[in-house]
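S.K.: Chains as they are written, first to last, in numbering that gives the first Met the number 0: chain A, 0 to 278; chain B, 0 to 340.
Fair warning: there could be bad hints in the mix.
[To be verified] Think about it this way: if two alpha-carbon atoms lie no more than 20 Å apart in a straight line, the pair counts; the simulated EDC-like pairs of lysine to aspartate or glutamate are:
hint	chain 1	residue 1	chain 2	residue 2
1	B	230	A	109
2	B	224	A	81
3	A	153	A	215
4	B	224	A	109
5	A	126	B	306
6	A	39	A	109
7	A	126	B	332
8	B	224	A	215
Please keep in mind that the hints were generated in silico from the structure rather than gathered at the bench.
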Amino acid sequence: MVSVAEMPESTSQTLVNQPAPRPEPQTERGMIEIEHLNFKYGAHQVLHDVSLSIPARAVTAFIGPSGCGKTTLLRCLNRMNDLIDAAQISGGSIRIEGLDINAPGVDVVDLRRRVGMVFQKSNPFPKSIYDNVAYGLRIAGVTRRSLIDEAVEKSLRSAALWEEVRDRLHVSGYGLSGGQQQRLCIARALAVEPEIILMDEPCSALDPIATAKVEELIRQLKQNYTIVIVTHNMQQAGRCSDYTGFFYLGRLIEFDATAKIFSNPGQRQTEEYITGRFG
Amino acid sequence: MIAAPAKARRVRLLQAGIFWLFRIATYFILACATYIFLDIGIKGGRTVFTTTPPFINLPFLTEPPQTLYVFDHEGKKQTLSDRQFRAWKGEHPGVEVDATSIAYSAGGIWPCIVGTALLVVGSMILALGIGISSAIYLSEYSRNGPLIRLVRVAILNLAGVPSIVFGLFGFGLFVIFFGWNVSLIAGWFTLGLMVLPAIITASEESLRAVPQGLREGSLALGASKWQTIRKNVLPYAMPGILTSSILGIARVAGETAPIMFTAAYAMKDEMPWQVAKFTDFFFQGVMALPYHIYVVSSKIPQNEYTEGVQYGAAFVFLFLVMLIALTSIILRERSRSRLSW
Chain A
0 MVSVAEMPES TSQTLVNQPA PRPEPQTERG MIEIEHLNFK YGAHQVLHDV
50 SLSIPARAVT AFIGPSGCGK TTLLRCLNRM NDLIDAAQIS GGSIRIEGLD
100 INAPGVDVVD LRRRVGMVFQ KSNPFPKSIY DNVAYGLRIA GVTRRSLIDE
150 AVEKSLRSAA LWEEVRDRLH VSGYGLSGGQ QQRLCIARAL AVEPEIILMD
200 EPCSALDPIA TAKVEELIRQ LKQNYTIVIV THNMQQAGRC SDYTGFFYLG
250 RLIEFDATAK IFSNPGQRQT EEYITGRFG
Chain B
0 MIAAPAKARR VRLLQAGIFW LFRIATYFIL ACATYIFLDI GIKGGRTVFT
50 TTPPFINLPF LTEPPQTLYV FDHEGKKQTL SDRQFRAWKG EHPGVEVDAT
100 SIAYSAGGIW PCIVGTALLV VGSMILALGI GISSAIYLSE YSRNGPLIRL
150 VRVAILNLAG VPSIVFGLFG FGLFVIFFGW NVSLIAGWFT LGLMVLPAII
200 TASEESLRAV PQGLREGSLA LGASKWQTIR KNVLPYAMPG ILTSSILGIA
250 RVAGETAPIM FTAAYAMKDE MPWQVAKFTD FFFQGVMALP YHIYVVSSKI
300 PQNEYTEGVQ YGAAFVFLFL VMLIALTSII LRERSRSRLS W
């Protein structure tokens, strides 16, 4: 079993420099198990007893109306909620590849390198396209120019952006269109070779054509990555996810294969939401 | 409902009257500023500029202050600086003249320019170091609690302390208690403390202006908090911090009260770099422009010969402060166009 807790803090650096053999995990690589998770912002409980198992190398979508806790749950998976004062897990556990990510001693920096994230609002850094993608590598201590060049090209290709930006790698990422910026953020996340990629409504600010490109990209990425995507767009969940969890008022109402959820949901609330009767 | 014509007229008149009041208040500021700048510009210009090439009174800018000697000799009025006067006496042996001496009114203000520059640079380095560090702590690390609220109140209060109080505080702590005497380093600490609240506030604002998304994006890539701040927050906040800090410099450069007990000498013959050993550099008093203006304007008997150096020094001082402010504005404009989100 992989134990992040036992790794020294500088592990991420050595990992990227020379991919160290990671001990084979007992559970499947990239698999996430959430058990009886409760989450609070101060006194306000946002997640109630959420349990689900997110399979590796598949796209899992969280759907539900605004405020249902789907983004909060997503941000629990790379402990992004640590940044928010008064936000805390008040019960239950999250295991990634068998490791409790909230256990004391877990290196959150290493966790976040393994669990990448793409945000709702595309947030390229005010740097060149190249420097955006290289950022994570440089942070991890990679200094060899050739390694970085290679990783930048590979990541941009994986994010289906290479052909569009290959001639202007050294101009600002802000010069790109909204859809390109979001794919740049995906490329940036891919560059550090995570196992899991979390996407928080990645297409909410994009036009339909850009959305289609990102969705196509998501379908390709699942061959190598475990993807968890939060979306308020049910068609999107239907188009590109393999599994879907429906959340309502902080509870996981239903979790199943996407085809099942959309054709034959087990719960009345799910059906009403999917058919557009509320939400 | 439509108001009766008489009432509508009254409302209109009242409005016009109030607008005029505001307008006059605005023009009053303009008039004051114009008067001050013209007065200093014209009178100071007579000292700083000359009618013959190179059109700038270089000795005034490059020489230390000297005593002016005024006397009549063979029916001709002579106005000579200390050095010229001695040379003149050498050329006229045995001639007894009844000369009036006027302190500081000949020569130039070069040591004051140098002293002010040294004070500004040292105190800014000090204040930027402490100020940016604490701003990073306050805005990036600290959680809002009673202690942090107390710190913020302290910063606000520090900003409201009159400069003469800073001067006395610096005198009591650095000059006497620490035994640094009247020295550059005492002046640096006093001025640095004085400008600290402005720098902390400005730095915090600049840090806050960096979108949260950039921090999250960096953290999500496996950067530590410090790496995030160093690589992806501070570089974008830095132009704003420096811009506001330069305005702080202008203020530091302009203050007389904090340095009059802590760092400023009315007159000093050696330049700051003429010290016996390296450490003496920090423990020497210096001449400074604002203090020099204060001395020549109020500490020596006034007459028609003192005006030149008073206005000349004020002119140079004003010019330097405006130069600093201009630099800040240019920096801000340039960084604005480079960083936008």
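S.K.: All the hints need checking, so say for each whether the structure fits it.
M.R.: Going through the hints against the structure:
At roughly 18 Å between alpha-carbon atoms, residue 230 of chain B and residue 109 of chain A fall within 20 Å of each other, so this suggested pair holds. Restraint check for residue 224 of chain B and residue 81 of chain A: satisfied, since their Cα atoms lie roughly 11 Å apart, inside the 20 Å limit. Of the supplied pair hints, the one linking residue 153 of chain A and residue 215 of chain A holds, its CA atoms being roughly 17 Å apart against a limit of 20 Å. Taking the CA atoms of residue 224 of chain B and residue 109 of chain A, the gap is about 12 Å. The hint holds against a cut of 20 Å.
Simply put, residue 126 of chain A and residue 306 of chain B have alpha-carbon atoms about 55 Å apart, too far for the 20 Å limit, and the pair is violated. Restraint check for residue 39 of chain A and residue 109 of chain A: the C-alpha separation of about 25 Å exceeds 20 Å, so the hint is violated. Restraint check for residue 126 of chain A and residue 332 of chain B: the C-alpha separation of about 19 Å stays at or below 20 Å, so the hint holds. For a cut-off of 20 Å, the pair hint linking residue 224 of chain B to residue 215 of chain A is broken: about 33 Å separates their Cα positions.
The structure fails hints 5, 6, 8 (numbered hints given earlier, in ascending order).
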